[in-house]
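A.B. asks: So for the sequence shown, this note's numbering puts the first residue at 56; every next one is plus one.
One or more hints might be untrue.
[Said to hold, decoys possible] Here are the simulated EDC-like pairs of lysine to aspartate or glutamate, each with C-alpha atoms no more than 16 angstroms apart in a straight line:
id, residue 1, residue 2
1, Lys529, Glu201
2, Lys514, Glu415
3, Lys185, Asp235
4, Lys451, Glu201
5, Lys185, Glu382
6, Lys434, Glu415
7, Lys451, Glu501
In short, the hints are calculated from the structure, not lab data.
Small disclaimer: the values here were computed from a predicted structure and weren't measured.
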Amino acid sequence: MLGEAVDKMIEDLRKKAAAEKRAASAQKALPATALRVTTAAKATTAAKATTTSLPKRKPENKPDGWDQLNPARKWDVMPNLRARELLAEHPTSSEGIIKAEISEPEYALRDVEIRDALWQIMDEMSGFTKKFFAFECHHKDNVIPEDWFTRLTSQTAKIIGCVASGGPSGVDGWHDLFIDPEKRRALICAIIGNVLIEQVFQHAFFGANDPFTASGSPSISKLEEKHRNDEGFDRKKNFAAAIKISLQDKETQAIHLPPNFKNHVNRIVAAIWKHIKPFEYLQTPSPKSPTLPITSPVFNALHSIVTQAGILSLHMHMDAHTQYRFEPVLAEDRYSGKTMQLFNERTLHERDPYLTPEEESLLSQPEQARRAGLSAAEKKRAGTDDIFVNITILPKLTTYRRGGWEVARSTPSKPVYAGIGFARRGFRTCVLAQAWVQGRWGQERELKGEEVDEEAGRKVHGEAWRGGGFVEFKDVEGVIDWFALEQTRERRAAGVRGRMFDGGWML
56 MLGEAVDKMI EDLRKKAAAE KRAASAQKAL PATALRVTTA AKATTAAKAT TTSLPKRKPE
116 NKPDGWDQLN PARKWDVMPN LRARELLAEH PTSSEGIIKA EISEPEYALR DVEIRDALWQ
176 IMDEMSGFTK KFFAFECHHK DNVIPEDWFT RLTSQTAKII GCVASGGPSG VDGWHDLFID
236 PEKRRALICA IIGNVLIEQV FQHAFFGAND PFTASGSPSI SKLEEKHRND EGFDRKKNFA
296 AAIKISLQDK ETQAIHLPPN FKNHVNRIVA AIWKHIKPFE YLQTPSPKSP TLPITSPVFN
356 ALHSIVTQAG ILSLHMHMDA HTQYRFEPVL AEDRYSGKTM QLFNERTLHE RDPYLTPEEE
416 SLLSQPEQAR RAGLSAAEKK RAGTDDIFVN ITILPKLTTY RRGGWEVARS TPSKPVYAGI
476 GFARRGFRTC VLAQAWVQGR WGQERELKGE EVDEEAGRKV HGEAWRGGGF VEFKDVEGVI
536 DWFALEQTRE RRAAGVRGRM FDGGWML
């Protein structure tokens, strides 16, 4: 049923988004060099729906004395401005000039491009939710009707339950995630991020037919079987080579999009819309309003996000030199400025309990009024508060490379190491992008299953403690119990397997 619904949705989207134009432009070639990921994303804009385009980059103003700085200092002060400066001066040879000026291994440049491409996707995700889902939501007593939660599929409920926490406010805390515009935006970003991680970035070969047939390359499953006992870096090298062979033109050496890229993007867009469509009903008078079709602006914005993510995924999977890992951050983890960046940094600054009186005087009038209404006991209790993850939007992106340090002339295809024996000396890691999270001020959650009475809860969590404290999303009235459904399916599957081993197929 889900497959049929997605297929129908895709068909509707095609009618809306001028499929003929996308089909004619879907095979636009990626640049032969895999270095400029962001440039590649811009070059393939024609593969997107209708007239959607990437946001134009705002020109950067040169700081005072810029022209008097030497190249090395320019790279320290404003590296992106220096890179664009060289690109404008040397449009056909800027890559070599940039490498010579920086004097770093090529992977260092790739790291910057991969990071910036991910940041651009994050920026578009934030802009998308701000444009379409930042509306005010007025419900009696700030409670979402139970009927609204029934619109969420089991998979959507599962994602929300995994990426978010209602905090110590019981069921009210979960309702607040949908009522508060900023929290709602972060939650929708987290849903989109979850789909991108699981279905785009972690896809072995996004947009390809399975098995690979473009140029006779073996399927991923065959490669996995053949190299199942190999070391991880060796497996990545073989997979990357297979993908590159499949996509690279033998005559021009240009790398083209996979044959099924356009359809794959459309399916991911349809999947995301299926998850976030219920949020549209939060601003309608009745939760039983008729089905809302996806509008062209929403489709185009999602198509842009998924297209860029798909191209970035291909670049990462074609890199034989590097293992890319999205390392998860969990809801209710303690916030770390070294490994996380905040979606709601301004809001958390407003609620910071450690501000001086002078700093408090600069806060907004509503926040000053809130603080003035706090009891002395609550102010004292908040003196030990910390920031905890309320919603995990995107995990941390880390690279892993085999061997010791590499010299400036090193390339991904021909790595050159700084010393004898460095090629097999352990591995190196680098955090390219911090985890993207929504935070809350408060106290740490007690262990799951640990009973906390109301008095103890209020003593630890203060005025934020309501309704028995921390509860799971599946405990909210109207939310489908996805966990129970999965357990039932697993038991049924186990029963089928058992009967199969007994020589029967009957249920």
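A.B. asks: Hint by hint, say whether it matches the structure.
C.D. replies: Status of the hints after comparison with the structure:
no. : hint            : in the structure
1   : Lys529 x Glu201 : holds, 12 angstroms
2   : Lys514 x Glu415 : violated, 25 angstroms
3   : Lys185 x Asp235 : holds, 13 angstroms
4   : Lys451 x Glu201 : violated, 35 angstroms
5   : Lys185 x Glu382 : violated, 26 angstroms
6   : Lys434 x Glu415 : holds, 13 angstroms
7   : Lys451 x Glu501 : violated, 25 angstroms
Going down the numbered hints, you'll see the structure goes against 2, 4, 5 and 7, while the others check out.
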